[in-house]
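Kindly produce the complete structure, drawing on both the sequences and the hints.
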Amino acid sequence: MKNILVIILALSINQLLGQNCTSYTEVPLRTWTDIPENQCYYLKDIDNEFVDYSGTWKGTWNNKTIYITFSKVSAHYDDFDKYYEDVLIGKFKVLDMSGGVLFDNTNSSAKPKIRGGGPVKDQSKYSFSYTDRDICNIGGRIEISFSNPSKTQLNWKYSQDSQMIYPSCPYYGSANFPEALPKSTVLTKQ
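Per my numbering, the very first residue in the sequence shown carries number 23; after that it's consecutive.
No lab work stands behind these hints, which were simulated from the structure alone.
Incorrect hints may appear among the rest.
[What the hints assert, rightly or not] Ranges of calculated distance between the beta carbons of each label pair, as one might list FRET restraints:
hint, residue 1, residue 2, range
1, 49, 179, 25 to 31 angstroms
2, 80, 60, 39 to 45 angstroms
3, 47, 129, 33 to 39 angstroms
4, 132, 68, 26 to 32 angstroms
[To be verified] Each computed SDA-like pair below joins lysine to any residue, with the alpha-carbon atoms no more than 20 angstroms apart:
hint, residue 1, residue 2
5, 147, 170
6, 86, 182
7, 80, 188
8, 113, 174
9, 113, 68
10, 211, 168
C-beta: ideal position from N, C-alpha, C; glycine also.
Structure below.
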């Protein structure tokens, strides 16, 4: 009985706090004005910008190869900004030079490690946030931009946030902290 009450309470709170909209005001991705919170707005990929980014890309660095697949998530509710938006997410596999798998979250159903932050204002770049719970919650910011007119190559820049590594981290004090993502590389569409 107690479990039923908890479930009913949780569903009621979700109904009260979430948006209950019969229709949405759609605005393009590159909208640089403030969007009101909880007013049924949807920051949508109206111009289909994500089509060019979507798919699998390959890059190399430090004797490693990364395969990253970007895909669009439609109508994702942003808990911070309080509106719906289309975003890109990235899932990746990193191989060593002999083909051994170093990192692989391509089949994970968990929260994506690479999540789109949106287009960068006044630039032809797209930004992402990166948080890796498997490597002591390291994180940072990623920016990608097309490096050729045919949109078959992307410039990739990753800057890791400075952070404190706690003693509970398996890599605490290690000289060989894992490097799951390149700092800079060119990705080629596969």
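Verification of the hints:
no.: 1; hint: 49 - 179: 25 to 31 angstroms; in the structure: 27 angstroms, holds
no.: 2; hint: 80 - 60: 39 to 45 angstroms; in the structure: 41 angstroms, holds
no.: 3; hint: 47 - 129: 33 to 39 angstroms; in the structure: 36 angstroms, holds
no.: 4; hint: 132 - 68: 26 to 32 angstroms; in the structure: 30 angstroms, holds
no.: 5; hint: 147 - 170; in the structure: 13 angstroms, holds
no.: 6; hint: 86 - 182; in the structure: 18 angstroms, holds
no.: 7; hint: 80 - 188; in the structure: 33 angstroms, violated
no.: 8; hint: 113 - 174; in the structure: 18 angstroms, holds
no.: 9; hint: 113 - 68; in the structure: 24 angstroms, violated
no.: 10; hint: 211 - 168; in the structure: 11 angstroms, holds
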